[in-house]
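Line by line, the protein sequences are chains A and B.
Here this note's numbering is used: the first residue of the first sequence is 11, the next is one more, and so on.
Here this note's numbering is used: the first residue of the second sequence is 29, the next is one more, and so on.
None of these hints come from the bench; they were simulated from the model.
Any given hint could turn out to be false.
Keeping only pairs whose Cα atoms sit at most 35 Å apart, straight-line, the calculated DSBU-like set for lysine-lysine is [as the list claims (entries may be wrong)]:
id, chain 1, residue 1, chain 2, residue 2
1, A, LYS307, B, LYS241
2, B, LYS180, B, LYS241
3, B, LYS186, A, LYS263
4, B, LYS349, A, LYS263
Remember, it's a predicted structure, so these values are computed and weren't measured experimentally.
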Amino acid sequence: MAQDKLLRVEELLLHFRTQMGAVQAVDGVSFDLDYGRSMVILGESGCGKTSMAKAILRLLPRNVSSYTGHIYLEGNELMHLNDEEYRQNIRWAAMSLVPQAAMNSLNPVLKVGDQVAEPAMVHLGVRKDEAMAQARRMFQHVGVPADFLNRYAFELSGGMRQRVAIAMALVTSPRLIVLDEPTSALDVLTQANIFNVLKRLKKELEASFILITHDIATSSELADDVAVMYAGHIVEISDAFRFFESPLHPYSKKLMASVPRLRGDKEPDFIIGQPPSLLDPPKGCRFADRCPSRFEKCGQEPPTVDKEGRKVKCWLYV
Amino acid sequence: MVTDTLTNVTPATAVKQDQVLLSIQNLRVWFELRRWGFGHAGYVRAVDGVSFDIHCGEAIAIVGESGCGKSSLMKTILAINIPTEGSLTFDGKKLSDMGRAGTRWYRSQVGYIQQDPYGALPPFMSIQRILEEPLIIGGVKNKDQRIARILKVMSEVKMHPPEDFLNKFPHMLSGGQQQRVVIARSMLLEPKLIVADEPVSMLDASVRVEILKLLRGLQEQHDLSFIYITHDLSTVRYFSRRIFVMYAGRLVEKARVDDLIRNPCHPYTLALLAASSDPDANNALRFREVPPGEPPSLVTPPPGCRFHPRCSQAIAGKCDKQDPPDFEVEPDHFVSCWLFE
Numbered sequence: 011m012a013q014d015k016l017l018r019v020e021e022l023l024l025h026f027r028t029q030m031g032a033v034q035a036v037d038g039v040s041f042d043l044d045y046g047r048s049m050v051i052l053g054e055s056g057c058g059k060t061s062m063a064k065a066i067l068r069l070l071p072r073n074v075s076s077y078t079g080h081i082y083l084e085g086n087e088l089m090h091l092n093d094e095e096y097r098q099n100i101r102w103a104a105m106s107l108v109p110q111a112a113m114n115s116l117n118p119v120l121k122v123g124d125q126v127a128e129p130a131m132v133h134l135g136v137r138k139d140e141a142m143a144q145a146r147r148m149f150q151h152v153g154v155p156a157d158f159l160n161r162y163a164f165e166l167s168g169g170m171r172q173r174v175a176i177a178m179a180l181v182t183s184p185r186l187i188v189l190d191e192p193t194s195a196l197d198v199l200t201q202a203n204i205f206n207v208l209k210r211l212k213k214e215l216e217a218s219f220i221l222i223t224h225d226i227a228t229s230s231e232l233a234d235d236v237a238v239m240y241a242g243h244i245v246e247i248s249d250a251f252r253f254f255e256s257p258l259h260p261y262s263k264k265l266m267a268s269v270p271r272l273r274g275d276k277e278p279d280f281i282i283g284q285p286p287s288l289l290d291p292p293k294g295c296r297f298a299d300r301c302p303s304r305f306e307k308c309g310q311e312p313p314t315v316d317k318e319g320r321k322v323k324c325w326l327y328v
Numbered sequence: 029m030v031t032d033t034l035t036n037v038t039p040a041t042a043v044k045q046d047q048v049l050l051s052i053q054n055l056r057v058w059f060e061l062r063r064w065g066f067g068h069a070g071y072v073r074a075v076d077g078v079s080f081d082i083h084c085g086e087a088i089a090i091v092g093e094s095g096c097g098k099s100s101l102m103k104t105i106l107a108i109n110i111p112t113e114g115s116l117t118f119d120g121k122k123l124s125d126m127g128r129a130g131t132r133w134y135r136s137q138v139g140y141i142q143q144d145p146y147g148a149l150p151p152f153m154s155i156q157r158i159l160e161e162p163l164i165i166g167g168v169k170n171k172d173q174r175i176a177r178i179l180k181v182m183s184e185v186k187m188h189p190p191e192d193f194l195n196k197f198p199h200m201l202s203g204g205q206q207q208r209v210v211i212a213r214s215m216l217l218e219p220k221l222i223v224a225d226e227p228v229s230m231l232d233a234s235v236r237v238e239i240l241k242l243l244r245g246l247q248e249q250h251d252l253s254f255i256y257i258t259h260d261l262s263t264v265r266y267f268s269r270r271i272f273v274m275y276a277g278r279l280v281e282k283a284r285v286d287d288l289i290r291n292p293c294h295p296y297t298l299a300l301l302a303a304s305s306d307p308d309a310n311n312a313l314r315f316r317e318v319p320p321g322e323p324p325s326l327v328t329p330p331p332g333c334r335f336h337p338r339c340s341q342a343i344a345g346k347c348d349k350q351d352p353p354d355f356e357v358e359p360d361h362f363v364s365c366w367l368f369e
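The task is simple: from the sequences and hints, build the whole structure.
In structure tokens form, the structure reads like this:
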């Protein structure tokens with residue numbers, strides 16, 4: 011089933027066990043991603059977006075209390091695989107991750123070339139020289155000079171290190187690359203540079219991306235589709251054009267209104283209140299407490315409504 | 029009550045508006061590099077010839093990338109770094125002539141809002157102790173007086189009700205609340221000038237605007253001078269009147285915010301503006317123009333204009349030889365670039 015989709019996530023659920031109870035970090039999330047497209051997952055800190063990336067890549071901490079749902083990659087169900095099969099055939103071979111603050115995740119005592127080549131040796135089983143050649147090609151793609159292969163991470167600037175981290179995710183030619191806040195620690199010009207690199211990669215390698223970010227303005231640089239997360243739920247999925255033009259869900263609307271803009275005169279606004287605790291999220295719509303257009307139905311769990319190809323989890327559109 | 033303060037403050041502001049609060053003349057902050065712990069090996073020219081004035085009750089912004097020297101400039105203004113050359117004059121008094129007691133007084137007049145609120149609040153101290161400390165150092169001996177002042181400032185930063193927060197520890201507060209505590213701490217000693225180092229960059233989008241509005245409200249209400257240091261151009265215009273663009277230790281463009289956005293002049297400013305995006309799905313369809321290369325090393329900065337190796341409009345024989353002075357392209361709009369000679 012679903013052969014035409016690269017990735018299909020259905021009712022994915024990831025809860026963590028803590029002393030205070032179960033943290034419902036990802037609570038029934040469904041979306042699909044086509045070949046060659048990029049999806050942006052927008053949300054504030056603590057909404058579960060990084061947990062969702064970890065759930066998709068099965069990079070789970072020890073205190074998981076439940077991890078259920080379905081993940082189909084090119085039609086194959088991944089949840090049936092055991093951890094070893096997953097490690098050998100899926101992680102990095104088919105899907106890779108550029109972790110948050112990736113530029114600080116490089117090993118300081120290894121040359122960056124060796125680090126970039128390593129996933130190719132481990133996951134594709136190629137020899138060292140082949141892996142190095144592949145690393146060299148990837149350096150070219152991300153715009154790092156080839157002689158940087160022999161340098162150490164501390165000899166590179168932040169932007170260059172970020173590119174190296176992206177090259178490391180690309181070296182096995184995965185179908186899907188998950189980027190977790192790839193530019194949040196970088197300067198404006200470096201940020202623009204990294205997004206230029208990602209745009210070019212998307213064209214040249216026909217790669218698909220999932221971009222996880224809280225920065226709405228820069229997220230539009232790479233978005234084909236946008237999914238908005240709030241308190242463990244995806245509240246809206248839409249194509250980027252219609253989303254940035256007119257978001258549907260009240261939370262998306264408020265979030266868009268809070269972006270300070272360089273051009274134009276609109277005064278930004280903020281959302282009153284705080285996101286709910288994921289330990290004991292409110293019944294019904296989780297945004298209801300902060301929502302300007304709430305009504306009596308919002309006490310019940312809202313359905314996900316299909317509105318002209320866009321999905322929105324809100325009673326207003328029923 | 030608001031109208032009360034407004035009528036009280038406005039005439040005073042009108043008089044004070046022209047008065048210079050902080051004047052910085054040709055400031056250089058160089059850090060010596062040593063080889064093996066001794067032996068001279070050059071200087072890091074973090075701030076290299078910066079001059080500007082801040083008037084009473086004026087909010088300015090300094091924009092620049094990391095490593096351009098804006099933090100060194102800020103620390104010099106906070107009297108943490110000692111200037112290598114040039115002078116800082118606060119309220120008519122030179123910082124270098126102040127002496128120990130004078131510097132202590134100066135520090136009470138300048139508040140500081142840190143970038144990362146969680147890192148700025150000691151995790152083992154309650155909010156009450158965190159906020160009492162500046163008052164104790166500032167010489168407020170009476171405990172009741174201290175608590176009264178703390179409660180007043182906490183309600184000014186809209187932490188309601190303030191009593192509930194006093195016994196909490198920083199980790200019990202949300203990011204926005206932590207930043208409010210940091211802001212409250214900077215306001216306790218009734219400073220005239222507040223230096224805010226990227227006060228909202230660690231916060232979520234929805235909280236960011238709330239804190240910016242709070243800061244602007246405090247600035248207007250108390251007639252504070254404000255230095256807002258950031259790399260995010262889009263928040264500047266909601267906050268400050270003038271903006272200084274900093275590159276490799278120098279201010280390359282100084283203008284009113286509206287003028288800068290309407291008519292950016294320096295090639296570096298143009299690049300910064302071109303690289304900052306507003307949310308728009310069309311962004312995904314085009315590449316952004318970014319000047320090649322990276323900011324220069326501050327140990328061996330390029331001669332002449334420091335942006336010339338990356339500049340597409342550099343004039344050979346001029347930009348790489350001579351330092352550009354400030355040219356006034358329109359009233360109150362200065363550009364340090366030979367193109368505007």
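Here's how the hints hold up against the structure:
1. A:LYS307 / B:LYS241: holds (33 Å)
2. B:LYS180 / B:LYS241: At roughly 19 Å apart (the allowed maximum being 35 Å), LYS241 (chain B) and LYS180 (chain B) satisfy the hint.
3. B:LYS186 / A:LYS263: Between LYS186 (chain B) and LYS263 (chain A) the Cα gap is close to 25 Å, so the pair holds against 35 Å.
4. B:LYS349 / A:LYS263: Violated, at roughly 52 Å.
When the structure is compared with the earlier hints, a violation turns up for hint 4 alone.
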